[in-house]
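Quick mapping for you: the protein sequence lines, in order, are chains A and B. Counting from 1, one number per residue, gives the positions in the first sequence under the working numbering. Counting from 1001, one number per residue, gives the positions in the second sequence under the working numbering.
Source of the hints: derived by calculation from the structure; they are not laboratory data. Yeah, the Cβ is synthetic: ideal placement off N, Cα and C, and Gly gets one too. Each hint should be verified, as a subset may be incorrect.
The following residues of chain A were derived to be distant from chain B, with all beta-carbon distances above 10 Å [as the list claims (entries may be wrong)]:
hint: 1; residue: Gly15
hint: 2; residue: Val28
hint: 3; residue: Ala39
hint: 4; residue: Arg40
hint: 5; residue: Thr47
Quick list of the computed label-pair ranges, beta carbon to beta carbon [stated by the list, open to error]:
hint: 6; chain 1: B; residue 1: Ala1034; chain 2: A; residue 2: Asp68; range: 21 to 31 Å
hint: 7; chain 1: A; residue 1: Pro58; chain 2: B; residue 2: Gln1380; range: 53 to 63 Å
hint: 8; chain 1: B; residue 1: Tyr1116; chain 2: A; residue 2: Leu54; range: 24 to 34 Å
hint: 9; chain 1: B; residue 1: Gly1180; chain 2: A; residue 2: Pro58; range: 31 to 41 Å
hint: 10; chain 1: B; residue 1: Thr1073; chain 2: A; residue 2: Gly26; range: 36 to 46 Å
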Amino acid sequence: MIQVVLPAHLRTLAGVGSEISIEVAGQVTTRSILDALEARYPMLRGTIRDHVTLQRRPFLRFFACQEDLSLESPDAPLPDAVSSGKEPFMIIGAIAGG
Amino acid sequence: MSKVRVLVGTRKGAFILTSDGKRDKWEVSGPHFAGWEIYHLKGSPVDPNRLYASQTSGWFGQIIQRSSDGGKTWETPGGGLKPPSDAGGMPSGESNKFAYDTSTATGKPLTTHQWYDGTQHPWEFKRVWHLEPSLTDPDTVYAGVEDAALFRTTDGATSWHELSGLRGHGTGPKWQPGAGGMCLHTIVLDPSNAQRIYIAISAAGAFRTDDGGRTWKPINQGLRSQYIPDPTAEVGHCVHHVAMSPKRPGVLFMQKHWDVMRSDNAGDLWTEVSGNLPTDFGFVIDVHAHEPETIYVVPIKSDSEHFPLEGKLRVYRSRSGGNEWEGLTKGLPQTDCYVNVLRDAMAVDTLDSCGVYFGTTGGQVYASKDAGDNWSPIVQNLPGVLSVEVQTLP
């Protein structure tokens, strides 16, 4: 099972806690995680990546194992620690303020 | 006894204010969708417990919420939790999918519109500004979006389809965003003619369809906007809001960027009725529920100073359909008030003594239960108010 951490507003929208577990078929990539996440939680479709272009929304970023994966190919394999469920795949909202 | 439900969209959530027909004591429910911008929420005229809300965020995009119990509980239509094995059936997770229709069979090419600097810019969906439920079917709703286009759902907001004849009717490349974006913010359904719809766009102008949304025509003749290269152009006018009394379809009132206008022929020709207003800049305009010639505006100082003149919050009422206006001040702050009243933030109830309601960017919602003579705040410290709608319930 893959562990996924959502931003607070998306946790509320999906009605989930701070970390959720999802089954991902095949190779674990950013795309396969998001596909599985949206299939299980349809209310999240369009909130992380655009409905039409499937591009990451500009104010969200993807992190795992203390690495920023946002600009990596969505089809690049993720670290083993994510695939094995030891480390979460984190979807982070940009922090704005001052 | 009748009840009144006031639906308030704010910068940080939705609030629902309820009272009995006396309108003296109000209960406040909310925030719903705390932390999200709620541009608009509105109830179905044929099923008042069916509400729709536009929930948006710069981070997470657009969400559409639906309630079937008057706002006690909400759902994202088609967005419910799915077991991994589930497939088929109704569209899922598409209640927030507003894809411009570019199909060759039903759509229009996604061309460009004018950008702030005069160059052409691609059409990009940003958010839903206004939701207008059908007058006859609780599952049918129209959505006005930024970048300007009109969408419709016929399945209770589970899925949306563009009425592309508007965006693609020909003048699109001349439309330009107002300061708040290129938004379709006003949708008026004609209760006497199901095929007739009016919409307004900042800054393109007003448009009308007489065939249920298939074809559209600009209805901006008579408007004069000194701030555009051709002040009487067919499109390019910054219309802020349009209102119509359901008792007298075809007579329209408009608050333009500057100028208050009226049309007695369904928008074919407009005449200015600003008359003795202290300033004819503003955003809201609305019509009394029972007196089609009684209209309300909230004059704002100017396009560069979005607050009332002299720090005095005044509603202006005309009982003659414009030109002759009286300032209404009883109960409204008359010193040091520098709030704004945004375009969708005024509404009326339909009780015998017509109630008028408006919300401010300072988080107050004011109500008058005597058609504007006296006002009082029914809630005072909400986040900035984006929209106000009123339901009169049996």
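Taking the hints in turn, this is what the structure says about them:
no., hint, verdict
1, Gly15, "8 Å, violated"
2, Val28, "16 Å, holds"
3, Ala39, "6 Å, violated"
4, Arg40, "6 Å, violated"
5, Thr47, "4 Å, violated"
6, Ala1034/B to Asp68/A: 21 to 31 Å, "29 Å, holds"
7, Pro58/A to Gln1380/B: 53 to 63 Å, "36 Å, violated"
8, Tyr1116/B to Leu54/A: 24 to 34 Å, "29 Å, holds"
9, Gly1180/B to Pro58/A: 31 to 41 Å, "20 Å, violated"
10, Thr1073/B to Gly26/A: 36 to 46 Å, "37 Å, holds"
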